[in-house]
Amino acid sequence: MTTLAFTSTLSRPERATAATVRGAVAGAGLLVTVVLIGVGAFLAVAGWPGLTASSSELPLGASNFWALAAPLVFGSVWSAVLAVLIAVPAAVGVALYVTWFAPRAVAGFLAALVDVLAAVPSVVYGLWGLMALAPGLAPVYAWLGEHLGWFPLFAGQPSATGRTIATGALVLAIMIMPIIAAMCREVFQRTPRASIEAAQGLGATRWEVIRLAVLPFARGGIICGAMLGLGRALGETMAIAMVVSPAPFLIGFSVITSANPNTVAAFIAQVFPEAHDVEVSALIGLGLAMFLITFIVNACARRVARIYGEPR
Amino acid sequence: MTDTTVTTAATPTVSSSRRLAIESMSAYYGDVQALADISLTIEPHTITAFIGPSGCGKSTLLRTINRMHETAPHAKVAGSIRLDGVDLYGANVDPVAVRRKIGMVFQRPNPFLTMSIRDNVLAGLKLQHRKVSKTHGDDITEMSLRAANLWDSVKDRLNKPGSSLSGGQQQRLCIARVIAVEPDVILMDEPCSALDPISTAAIEDLMINLRRDYTVVIVTHNMQQARRVSDRTAFFTVAGAGEPGRLIECGSTEQIFSHPVHQATADYVGGRFG
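Protein sequences appear in the order of chains Y and R.
Oh and the first sequence: position 160 is 161 in our numbering, straight run, nothing missing.
Oh and the second sequence: position 264 is 268 in our numbering, straight run, nothing missing.
It is worth saying that the hints were derived from the structure and are not from the lab.
Predicted, not measured: the structure shown is a model, and the values here were computed from it.
Don't take every hint at face value.
To give a feel for the contact side, a few chain Y residues facing chain R, derived at Cβ under 7 Å [what the hints assert, rightly or not]:
#, residue
1, A195
2, E198
3, Q201
4, L203
5, A205
6, E209
7, P217
Taking beta-carbon pairs under 10 Å as the criterion, some of the chain Y residues facing chain R (in silico) [what the hints assert, rightly or not]:
#, residue
8, P193
9, A200
10, F218
Label pairs and their computed distance ranges (CB to CB) [what the hints assert, rightly or not]:
#, chain 1, residue 1, chain 2, residue 2, range
11, Y, M132, R, V97, 50 to 60 Å
12, R, R134, Y, G94, 22 to 32 Å
13, Y, V305, R, R134, 30 to 40 Å
14, R, P77, Y, L32, 39 to 49 Å
15, Y, P140, R, P77, 43 to 53 Å
16, R, H225, Y, L32, 52 to 62 Å
17, Y, I297, R, S167, 25 to 35 Å
18, R, H225, Y, E187, 31 to 41 Å
19, R, E146, Y, E147, 53 to 63 Å
20, Y, E15, R, R232, 47 to 57 Å
21, Y, R307, R, S170, 19 to 29 Å
22, Y, E187, R, D200, 29 to 39 Å
23, Y, G94, R, Y33, 25 to 35 Å
24, R, E146, Y, A29, 56 to 66 Å
Ideal Cβ positions, reconstructed from N, Cα and C, are used throughout, including at glycine.
Put together the whole structure using the sequences plus the hints.
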């Protein structure tokens, strides 16, 4: 009798609704998979001729596809990593200030301002980086080259225009900082009250509360934010294309010279309008390389977040 | 004779007596008054229990003693609390310094989950920037964990995280963490309410031992617990929602439970409340 009562608890309309919802969400999940596979398949098929093209058919007269792709992939990863290294401390600082130090009114205003930063189109950042930031930073690069030239990052002849990968990375950093800051703000606010009180009850100052209670719980969120930022920086086109003065086939770690590695996305944007025949395939092949890099970065990010994310 | 009496009255407390004098204390959360005009003396080397129905302000009063109350948004207090004559709400008193002298054990065990057991015990000392050598740290860890009746069960895993312990053990770790800084007073806010009966019995034994060295104040919902462990009991009540909590009476635990002065106290301890 009791078991029978359980089987009849869901009415027919309820069961129909449940089935509809299940179908709809499964469809949404399937859509993501189909889109990803579709894009990947297109890139692979359309890019294939480019991957095997000879020197005469490739942009810049590259000796083969890999000679073209390797420096660009390096440039994408290098500029994105630099941007994340600059943006994460700034974002953590802003988020800590907003959640723990600022007066309530200031905090709300500042948080809104950071969100506005995220909404500015990247072409605007590109213009600003090119016309204002680069000339402004040129003397800084000259100084760095003169006094810290022995350090690999600051080796070589400093750029007179300031259109270096350092300027590009700085613009990228400003663009990704809001995402990271928003993520950090969220996790800082979710610090368990019990942990905060544990630190306060022992006589911790505000900074000590942050160090003992807030940051250990926030580590996973900070890492996730950094990975989101890295993803955005890897794919960013306009800011780099406008700001950085590139040199072909360059792989180098100096960040202040006028010869800089280009990025995949910027290169595609710069070359595509003039490209024809196999060149187009080669550019699509570069797109495929970026597509795969994104997968690798995401996989690494998940791993890192799993290892360091849990408070230990 | 008269002279002697006057001198004694002028220096009412010996510096090590650790007597808490709460004078006309009111506490607010924004515009809501949580406590009205509480005056109460907490005797040194005794356990004082705060009892009363939910919302009567007993936890709030406890949190005014180590100035934790003011960490809540828009929280305010009026009145004074003196520890051996020094006003804890004096103009140049840093609340952080007060919390280093008056330790607190919370309702839910809250060890630092990311820290080892040993680091948890020494966390308070490190906050006070006391230089702790390896051997001195070992000694303090052992002494504090022994005082918290936890040493035997954790001595072989002091480097394991605090999260590896059971709830009752975590609470004893939190007590060890407070003992390690040798505070003047230990406050306990319903320390057993999240624990099973066996862990509760262990913590109650521990409280009775702590009385030798510390002035202890506990908030409890459990009248049997108040009766078992405390020397003195203060009964609080509240007229209704939105009303401030008030102190009805304070006396020896024996007197409060056997011969309460007020009918409200008699009703509450007799289980006839509400």
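Here is what the structure says about each hint:
For A195(Y), the interface hint holds, since its Cβ comes within 7 Å of a Cβ in chain R; the closest pair sits about 4 Å apart. The beta carbon of E198(Y) comes within 6 Å of a beta carbon in chain R, closer than 7 Å, and the hint placing it at the interface holds. With a least beta-carbon distance of about 6 Å to chain R, the hint placing Q201(Y) at the interface is held under the 7 Å criterion. Because the closest C-beta pair between L203(Y) and chain R is about 4 Å apart, less than 7 Å, the hint holds.
The closest approach between the C-beta of A205(Y) and any C-beta of chain R is roughly 5 Å, which is under the 7 Å cut-off, so the hint is satisfied. Hint on E209(Y) holds. Least Cβ distance to chain R is approximately 6 Å, under the 7 Å limit. Satisfaction of the interface hint for P217(Y) is found here, the shortest Cβ-Cβ separation to chain R being roughly 4 Å, below the 7 Å cut-off. About 8 Å separates the beta-carbon of P193(Y) from the nearest beta-carbon of chain R, less than 10 Å, and the hint is met.
Satisfaction of the interface hint for A200(Y) is found here, the shortest Cβ-Cβ separation to chain R being roughly 8 Å, below the 10 Å cut-off. Residue-level restraint check for F218(Y) holds (minimum Cβ-Cβ distance to chain R is 8 Å; threshold 10 Å). Range check, M132(Y) to V97(R): Cβ separation about 55 Å, and the 50 to 60 Å hint holds. In this structure the supplied range 22 to 32 Å holds for R134(R) paired with G94(Y), their Cβ-Cβ distance being about 29 Å.
Between V305(Y) and R134(R) the Cβ separation comes to about 36 Å, which falls inside the hinted range of 30 to 40 Å. Our hint of 39 to 49 Å for P77(R) and L32(Y) holds, since their Cβ atoms are close to 44 Å apart. Look at P140(Y) against P77(R): about 47 Å separates their beta carbons, and that is inside 43 to 53 Å. Hint check: H225(R) to L32(Y), Cβ distance near 53 Å, so the stated range 52 to 62 Å holds.
Evaluation of the 25 to 35 Å hint for I297(Y) and S167(R) yields a pass: the beta carbon distance comes to about 33 Å. A beta carbon spacing of about 35 Å between H225(R) and E187(Y) agrees with the range 31 to 41 Å that was offered as a hint. At roughly 58 Å, the beta-carbon separation of E146(R) and E147(Y) lies within the given 53 to 63 Å, and the hint holds. Taking 47 to 57 Å as the suggested C-beta distance range, the pair E15(Y) and R232(R) conforms, at roughly 52 Å.
Between R307(Y) and S170(R) the C-beta distance comes to about 26 Å, which sits within the given range of 19 to 29 Å. Between E187(Y) and D200(R) the Cβ separation comes to about 35 Å, which falls inside the hinted range of 29 to 39 Å. Separation of G94(Y) from Y33(R) is about 31 Å and conforms to the stated range, judged on CB atoms against 25 to 35 Å. Separated by about 58 Å at the C-beta atoms, E146(R) and A29(Y) satisfy the suggested range of 56 to 66 Å.
Against the hints set out earlier in the document, no violation occurs for any number.
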